[in-house]
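Protein chains in written order, with the numbering used here: chain A, 1 to 418; chain B, 419 to 569.
Simulated from the structure, these hints should not be mistaken for laboratory data.
Incorrect hints may appear among the rest.
Said to hold, decoys possible - Below are the EDC-like pairs computed for lysine to aspartate or glutamate, each with C-alpha atoms no more than 20 Å apart in a straight line:
(1) A:K51 / A:E137
(2) B:K425 / A:E412
(3) A:K413 / B:E515
(4) B:K473 / A:E55
(5) A:K51 / A:D129
(6) A:K132 / A:E55
(7) A:K67 / B:D513
(8) A:K56 / A:E27
(9) A:K51 / B:E515
(10) A:K384 / B:E489
(11) A:K413 / B:E472
(12) A:K80 / A:E91
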Amino acid sequence: MKHVIIGNSIACAGCIEGIRRISKEDEIIVISDEPYHIYSRPLISYWLSGKIPTEKIYYRPLDYYEKNKIKTILGKKAIKVDFEVQRVILEDGQEIEYDKLLIATGGKPFIPPIKGYPKESVFTFIKFDDVKRIDKELKPNINTVVVGAGLSGLKAAEALIKRGCKVKVVELANKILGSILDEFSAKKVKDYLEEKGIEFYLENSVVEILGKNKVERIILQKGEELKVDILIIAIGVIPNVDIFKDTPLKLRRGILVNERMETNINNVYAAGDVVESLDLITGNQRVIPILPNAYTQGKIAGINMAGGEAMYDGSFPINSIGFFDIHIMTGGINNPQENTEILEKWDEDTKIYKKIYIDDNKITGFIFINSFDRTGIIVDLMRKKVNISEIKHKILSDNFGLLDFPREFRREKIFGGV
Amino acid sequence: MKNPTKKRIFPKEEYCLGCHLCEIYCISAHSKEKNLVKLFKMPNRPYPRILVEEKEGEYITFALQCRHCDEPYCITACISGALQMDQNKHLIICDEEKCVGCWSCILVCPYGAIRRNDNKKIASKCDLCIERGIPACVENCPNEALELREV
Ligand SMILES: Cc1cc2nc3c(=O)[nH]c(=O)nc-3n(C[C@H](O)[C@H](O)[C@H](O)COP(=O)(O)OP(=O)(O)OC[C@H]3O[C@@H](n4cnc5c(N)ncnc54)[C@H](O)[C@@H]3O)c2cc1C
Ligand code: SF4
Ligand code: SF4
Chain A
1 MKHVIIGNSI
11 ACAGCIEGIR
21 RISKEDEIIV
31 ISDEPYHIYS
41 RPLISYWLSG
51 KIPTEKIYYR
61 PLDYYEKNKI
71 KTILGKKAIK
81 VDFEVQRVIL
91 EDGQEIEYDK
101 LLIATGGKPF
111 IPPIKGYPKE
121 SVFTFIKFDD
131 VKRIDKELKP
141 NINTVVVGAG
151 LSGLKAAEAL
161 IKRGCKVKVV
171 ELANKILGSI
181 LDEFSAKKVK
191 DYLEEKGIEF
201 YLENSVVEIL
211 GKNKVERIIL
221 QKGEELKVDI
231 LIIAIGVIPN
241 VDIFKDTPLK
251 LRRGILVNER
261 METNINNVYA
271 AGDVVESLDL
281 ITGNQRVIPI
291 LPNAYTQGKI
301 AGINMAGGEA
311 MYDGSFPINS
321 IGFFDIHIMT
331 GGINNPQENT
341 EILEKWDEDT
351 KIYKKIYIDD
361 NKITGFIFIN
371 SFDRTGIIVD
381 LMRKKVNISE
391 IKHKILSDNF
401 GLLDFPREFR
411 REKIFGGV
Chain B
419 MKNPTKKRIF
429 PKEEYCLGCH
439 LCEIYCISAH
449 SKEKNLVKLF
459 KMPNRPYPRI
469 LVEEKEGEYI
479 TFALQCRHCD
489 EPYCITACIS
499 GALQMDQNKH
509 LIICDEEKCV
519 GCWSCILVCP
529 YGAIRRNDNK
539 KIASKCDLCI
549 ERGIPACVEN
559 CPNEALELRE
569 V
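Kindly produce the complete structure, drawing on both the sequences and the hints.
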C-alpha cells in the first residue's frame, strides 16, 4: 500500500503515527512546499522571541522520517491532484502515484485587500520562513505594527516586545481576542498588555500601506498615519484549498469529510486546518483550526488509510495561551444565548477570572484567566456532555477536583476505562 | 525494559490519610538530592508528579497521578512534541527539555493529572518511576493506599 500525504505538519504527524499503528511496512511519501523538518507552527513566536533555539522548534525528533521509513519530498509544491489516475502532480512536473492520499494542506493567511500591498517588510505570521525573515530585520526600538489582535497577532506582538521593538496593534473589533474572551476579560488582558508596552488601535484598520518598495508608513481607517519599519498581518487563517478549486473534491470553506476523515472522492482523506468537522457544542460542521484537532484527525485518517477502523467524534475550540505572565484558557462557545446560565468569579488580588457558560445543565463554554490547574476536568465534562447539576455550586471553587464529584462517578473515572 | 507490561497506579480512598508523603517521595525520586530537608531548600527542585486531593470538611482524600491513557489527549495537544508514548505504548513520558510550558496538556487531561512546575515552567507528570523500577509513591505510602496493578 502506498500512502501519500500533502502537507508536512501536525495532521501529517498524526497520519504517519496512525498508519504505523496498523502497518510497519506500508510505503509513506510526504510532500511539502516547506523545506523544513516537521516543526510546530505555534512555536514560531517562541523562536522569534528568543525563548527557544532552532533545535526545539521541531515537533518530532530529527530521525523521525528515517525511523518511520518515510520518503520526503520537501520544498516542492503540489499543484494538482489527478483523482482519476490517483496521482499528485508537483510544480516541477514530477508525478507521484498513490493508493491512499491525505490532504493536510492546513491554513493560509487571510489578507484583506489593502491599498499598497504587497511591499517589502510586510509579513504574515504562520510559517518558519515568516519569522526567519522578520528576525533578519528586527532591531531594538524599531516601529512595528501588527494587524489583528487575535491569538497569533498577539503572540507576534509579545515576541516583538521581548525583542525590544515598539509595538502597535490594529484591530477591527472593539475588543482584543474577540473569538475567545468576553468584554470583561478582554479589557483585563488589554490593560495588562498595555502595561507591557503594546499600544492598541481598536475599531480600526489599515487602509493604505505607503512607501517606495518597502513599507514606511501606514494610514488607518480613522485617519491616523503611523511610521512603520515592519508590518505583520495576522488576521487569521483560511483553509488552504486553492489547488482543489474547480475539482470534484467537495468543499465549502474547508474540505468536507465524514467520521472516517474520508472526502467524497475514493481513497482521498483530509485532516487538520483544511477540513470542516463537527463542533460538538454547536452541532455545526466548521473549521476548528487548532493543533489537537489536526493531530487527532490525522491519526484517525491514518488508521483508516492503513486498513484499520477509527472514527472521529468531533471537537470544539479550546485554547491555552500565555502572554508574558498572564495565562488564558478557554473552550467552547463565547456567545451565550438568552437562556444560558452564567457562573462568574473575579478575584482582584490574584487576578483570577473564571466564567462558565451552562446550557441545559451542560457546560458549553468557559473562560479562565490565570487559573490553570485541572481545567482538563472541565473540558472532559464538555466532551462527554455530563449533566453537572449536582456539582454546579462547586465548579468555580479554587481547588475544584475529582473529590467534588459523587463517589460512584469518581470511581468510574479513575478505575474505569482510560 | 523494566516495565514489560502496562501498569497503572490505583488509589485507595479508604486507606489514604492525606499525609502527602507520596508527593515528597515523588520529588525525591526525581532529584539527585536524596536528603529530604536539603531537597526542600533547593530553589529549582522538581515538582511532585502526584497530587493529593483533599477538601476542607471532607474526610476523604486520595492521591492521583497520570493514568497513562491508551489514547492520551495530552499527546494530541502538546505543541512541542514533548509528550510521547514509549515504544511499548505502556507509558506517557514528558521530555522536560522540549516542554515549553504552554499548559495545553493541562487543558485536555481528563483527570487533571498534570501539574505545573512553576519553578521551571514545565509540565510535571508521572513517569511511573521508569528508571527506578517501582514507583516511589507506591513503595513509600505508609498506609498502602496506592497500588501498582497490571492492566
Ligand atoms: C502563530 C501560531 C500560533 C498557534 N498557536 C496555537 C496554539 O497555541 N494551540 C493550538 O492548538 N493551535 C495553535 N495554532 C494553530 C496550529 O498551528 C494549527 O492548527 C496546526 O498547525 C494545523 O496543522 P495542519 O497539519 O492542519 O496544517 P498546517 O500546520 O497549516 O500545515 C500545512 C502544511 O502543508 C503545506 N502545504 C500546503 N499546501 C501545499 C501544497 N499545495 N503542496 C505542498 N505542501 C503544501 C504547508 O506549507 C504546510 O507545511 C497556531 C498557529 C499559528 C500560526
Ligand atoms: S497526562 Fe492525563 S491525558 Fe495524558 S496520559 Fe496521563 S492521564 Fe492521560
Ligand atoms: S506544557 Fe509542555 S508537555 Fe504540556 S503541552 Fe505544553 S509543551 Fe507539551
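Quick rundown of the hints versus the structure:
Distance check on the hinted pair: A:K51 and A:E137 sit about 18 Å apart at the alpha-carbon level, within 20 Å; holds. Of the supplied pair hints, the one linking B:K425 and A:E412 holds, its CA atoms being roughly 18 Å apart against a limit of 20 Å. About 31 Å separates the Cα atoms of A:K413 and B:E515, which puts this hinted pair outside 20 Å; it is violated. Under the criterion of a C-alpha separation no larger than 20 Å, the hint pairing B:K473 with A:E55 is inconsistent with the structure, at around 43 Å.
Restraint check: the Cα-Cα separation between A:K51 and A:D129 comes to about 17 Å, which is no more than 20 Å; the hinted pair holds. Straight-line distance between C-alpha atoms of A:K132 and A:E55 comes to about 14 Å, which keeps the hinted pair within the 20 Å bound. Straight-line distance between C-alpha atoms of A:K67 and B:D513 comes to about 18 Å, which keeps the hinted pair within the 20 Å bound. About 28 Å separates the Cα atoms of A:K56 and A:E27, which puts this hinted pair outside 20 Å; it is violated.
With a C-alpha separation of about 13 Å, the suggested pair A:K51 and B:E515 falls inside the 20 Å cut-off, and the hint holds. Restraint check for A:K384 and B:E489: satisfied, since their Cα atoms lie roughly 15 Å apart, inside the 20 Å limit. For the hint pairing A:K413 with B:E472, the CA-to-CA distance comes to about 17 Å; that is within 20 Å, so the pair holds. At most 20 Å may separate the alpha-carbon atoms for a hinted pair to count; A:K80 and A:E91 meet this at roughly 9 Å.
Against the hints set out earlier in the document, violations occur for numbers 3, 4, 8.
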